[in-house]
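Novice: Listed below are the residues making up each chain.
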Amino acid sequence: MAGQSDPKLSIFSAAEMEFLAEDEMVEIVPNMRMEPLNLISGDYGPFRPQIPASVPYWLAVALKKRGKCTIRPPEWMSVETLTRILEAERDSPREFQPLPFHYVEISKLLFDHARDDIPDIYMVRSLIEDIRDVRFHKVETGLETISARTHAVKLKNLSAMEVNIVRPFVVRTLQAFYKHDSPEMIQQPSVTSNRRLPATDRGPRRDLRQR
Amino acid sequence: MKVKSLKLREAHKSSNGVPSFCSILWDSGADHIVTSSSSDMSISIHDSLLLSAPPKILRHHRDGVAALALSPNCTCLASGSIDRSVKLYKFPSGEFETNITRFTLPIRTLAFSKTGSMLAAAGDDEGIKLINTIDGTIARVLKGHKGHVTSVAFDPNNEYLASVDSKGTVIYWELHSGDVLHNLKGVAPDIGSDMSLMNVLSWSPDGEILSVPGIKNDVVMYDRDTAEKLFSLRGDHVQSVCYLSWSPNGKYLATSGLDKQVLIWDIERKQDIDRQKFDEKICCMAWKPTGNALAVIDVMCKYGIWESIIPLSMKSPTEDVPSLQLKNSNGLLLFDEDEQEPSASFSLSDLAEDSHGESEPPSKKRLRKHSFSGDNSDDDINECSIPPGAKLCKNPSRVHKERLDLRLEEPKSGMVYTRSKMQEAFQPGATPMQPRTRCFLCYNLLGSITTIEHDGNSHIEIDFHDTSQGPRVQPMSDYFGFTMASLNEHGSVFANPRKGEKHLSTLMYRPFRSWANNSEWSMRFEEEEVKAVALGTDWVAAVTSFNFLRIFTHGGLQRYVLFLDGPVVTAAGFRDELAIVTHASPSLPSNDQMLEFRVINISNRTQPLRGRLPLSPGSYLTWFGFSEEGQLCSYDSKGVLSVYTDQFGGSWLPLFSASKVKKLEENYWVVGLNDDKLFCIICKSPDLYPKVTPKPVLTLLDLSIPLACSDLGADALENEFILRSVHLSKIQKRIDEMIAADLDTSALDDEAFNTDAALDRCILRLVASCCNADKLVRATELVKLLSLEKSVRGAIKLVTALKLPNLAERLNGILEERLLNETTKHSAIPISNSNSDAFIQPDPAIKTSVSAEAATNGTTTSTNSWTPMMATLTEAVTPTEVKNPLPSSAHLTSPLFRKKDKLKEGSVVGKEKMGQSRTGISEDAQQADDRKEDAVVQSMAKPQGPCSSNPFDNLSRDRDTRPTNPFAKSSSNQEKSSLLDSIKKMKTDAAGRN
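Protein chains in written order, with full-length UniProt numbering: chain A, 1 to 211; chain B, 1 to 994.
Keep in mind that the hints are not guaranteed to be accurate.
Chain A residues, not near chain B, derived (Cβ > 10 Å throughout) [unchecked claim]: (1) Asp43; (2) Gln50; (3) Pro52.
The calculated DSS-like cross-link candidates involving lysine-lysine, where the alpha carbons are at most 25 Å apart (straight line), are [what the hints assert, rightly or not]: (4) A:Lys68 - B:Lys660; (5) B:Lys660 - B:Lys684; (6) B:Lys677 - B:Lys638; (7) A:Lys64 - B:Lys660; (8) A:Lys68 - B:Lys677; (9) B:Lys638 - A:Lys68; (10) B:Lys638 - A:Lys64; (11) A:Lys65 - B:Lys695.
Where chain A lies over chain B, by a calculated footprint (3+ residues, C-beta under 8 Å) [what the hints assert, rightly or not]: (12) 154–166; (13) 467–477.
Since the hints were derived computationally from the structure, they do not count as laboratory data.
For glycine and all other residues, C-beta sits at the position ideal for the given N, C-alpha and C.
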């Protein structure tokens, strides 16, 4: 499935997704002293050595690059939690486990910039890859069940990257099904342009909305 | 059954998860726990009161220590090792005494006879050796076991020795002849060659029963003399029992099985009463000799103490300890002491020098036995050396009585003596030394000093938390074995304790920045030993075992030497000030440490503070130092943080109590604090201190005073209230000091005002919750504490909104009083400068009027009191150009006074108290008050208009002396609208009423 969705069709590129994810907050442990930063997005700090502070990822990564802090990996990014999630993902073929919305992007950011701050990085990395694969596989199999009768697909706890990848396909599929399903639309192609908008809106939007 | 699990802590390094046989022992006073492991060549003596403290480590063996035994009088420790030697040490000092014997194969078990004179050692060798502990001669070798002997046990009555081997054979030996009495084959499980497990056996404390693990996952009891099976304990062990231990009174038996659980049995009922599951097999257990607890150690070398095992409803495991056991502990020695016999044969006496506590005379039976027991026991030698029983016979009653007394006294005095211990010296921010792991010598808000011991050499690293600011310090090798260190921005100081003759105690100082080369210096101490070190701006202090406080300069000049009046506990430095904690006296029987602190100002050579240091009952000091602002603070093992304050003639405020905030399984390791936060490292229980890696992260905790649970339900607010008032008083004190030193206080004034405002906000919220909880008296008390005028008005507004007219009236009274106070004060002060008598005269007059108003409840007087208020307020509302109140003509000051005077005539309630108290205020305080009030008045005066304009000449005068009052303007601006609102509201209220 992941292969099927052409990157051109997804609304955001991976880099853009990552950019969006950088607004998430993370805890850092600075090793310098700095006054609070008063930015448009909010006030961060004050920073004191060895005392944790909460900042967005973009700031954390910027500080990390300058060797001014260590990033404390989020709680879910531990071997135990991930192992548990992976098992749960495998056990329940129809459900997704709750994970942070940007887990793919966040883990990539941390693997790229803060390798030394993540304990058991190889294990964590492979676990996250496994989880991602399992979930994508689930999305794929789930989409196979879309039939002519489907008007909406409900996917709970889907993450940003997954949504991003399946969105164009799902939307277009549902549109296509809808179109082929309703005879009047086929018979009167001229009307479709008027009708399509409200009809498609009602369908998938509620469940696949972007946060 | 029990679900809570017992947390174990590591005693030894386990060898990569390979199970090893570990041993654990208590000494008779329960002061120490001794542990060893067959995979580790060291023996650890832990202090049972301070389990977190570093154990004393004895490293004499060249291979794992498989067996430990402690002589009954606890003065001699024996260890048997895989390296095939048996060594004796002094206990509890741990000084090595002698290699008492060697084997050809590893040793597995050791046991002292109940007199302490004989030691049985056995292992993979063919025979059991009975060794005379005095001269180390082999008294006898008992041969008969086919397998490796895994456990030996002396009968408490000293007649038999029982032994069991790995094949499960139990043999009873007669001691005096060395003959095999009974040979029971295959009664215990065959353990093969797994040396992490042992077959064990144990005599009940009265010596009547021998307990041996059975082959059906049970424990079988054999008779003492006949070796007949008496009964067995069968229950929930699903695999065979691998260790068992009798409680001191013989009423309970603890058994551990291969199924990783420990069961506690009631012997009389032959039932298990409690159990505990562990992660690993428990390979050794020991009952606490003086309490209801069991020490356990598992095959991974983790040990722990299982407290209060036996439910309170049942007899304590130490109740009714059979006297036999006491009698047997080195009775002979006491016997001799009693007789005042200087006996040459008493080379043993060093072994038993402290024995008088535990010792009891031998029973008649034993005397008889010994008299014909052969040649193999030194008891008998002793026995022979006692002068012919004549003396004993002559005065048997006296001797007997004395002993009886001794026995009666013994448990109590023994407990007291052993329990109350004076805390040892420590460095704040240090973690216990552990072999082969890195630990902190010093951790503070600036950085850390860590050390790791490796092959006898230590390696020290200094890190600053702020890597951009602190100097980069090269790691260094440490040939001295430093155990104490202190760090500040200028340098670091190290010291090591004295180790024997060769290693003298050394003090070393390393400055971080110095213009000269080689500016590091060190001092050596003969005989003396450094106990604590501290650093300040340009001095280094060391307190030594001779109670000398030695102060050096940065460059190493020996500047001062002071003689302290007690053994040091710890020391801390901050800029010019050095704080030292010493023992004031031996600790109380209740285990309360008696500590004393003093603060010394090094540059002024003064001692500004001195007093007793408070600690929670039964706790000891764990951290001591200064807050970021230089306040003296201490933290004790019960988790109470106290801060020194000048209030109340110098006392300690408990500003934090871990028990109040603590989440389960968390310990707080304090690093420092500032005005409103505590910096600490959170350690997961049972760890009491952080590890060096991963780098610990500081956590900020809010200070929280241990308040009582109030009926108000606003604990957070009450806490804030107290903290803020403490903070305010601190600022006030600083302002006073600055004024005294003629410094500019505007910055502090600002801070004081902010704190004041925050305090008022907090009080207002408290007032609200008081009103909601219907505590009106408390609300009025709170309103009286408000410092700003507008806050009082706010309170009135609040109360009116809450529909409490009665309270609102009272608050109005308070406001009135306050207004009057201020006006009189300001009018009076200029006079008082010239003539202080004149100042008092007008004051009581006005006071009486106000107090009369405040005191009366009747509506008529209250309306009276309202009307002038309203008058002033309406006047306040009418002038629109209130912003410019400066025209302060003399006649404008009068209206309020006149009104008050009129009013005064109506009421005659005299109260001069207030007036008197005002005269009592010292000049200084008055000035400070004055300044604060200026601020208040400035803020309130503007909208109030001409009626209370008399402060304005005062104000303009003030403007001349001080540049500006930055907050006055802003606050008045902010306040204007809200105040006007409230005034309007009051007006309408009043109108409605009239």
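Novice: Which of the stated hints cannot be reconciled with the structure, identified by number in ascending sequence?
Specialist: 2, 3, 4, 7, 9, 10, 12
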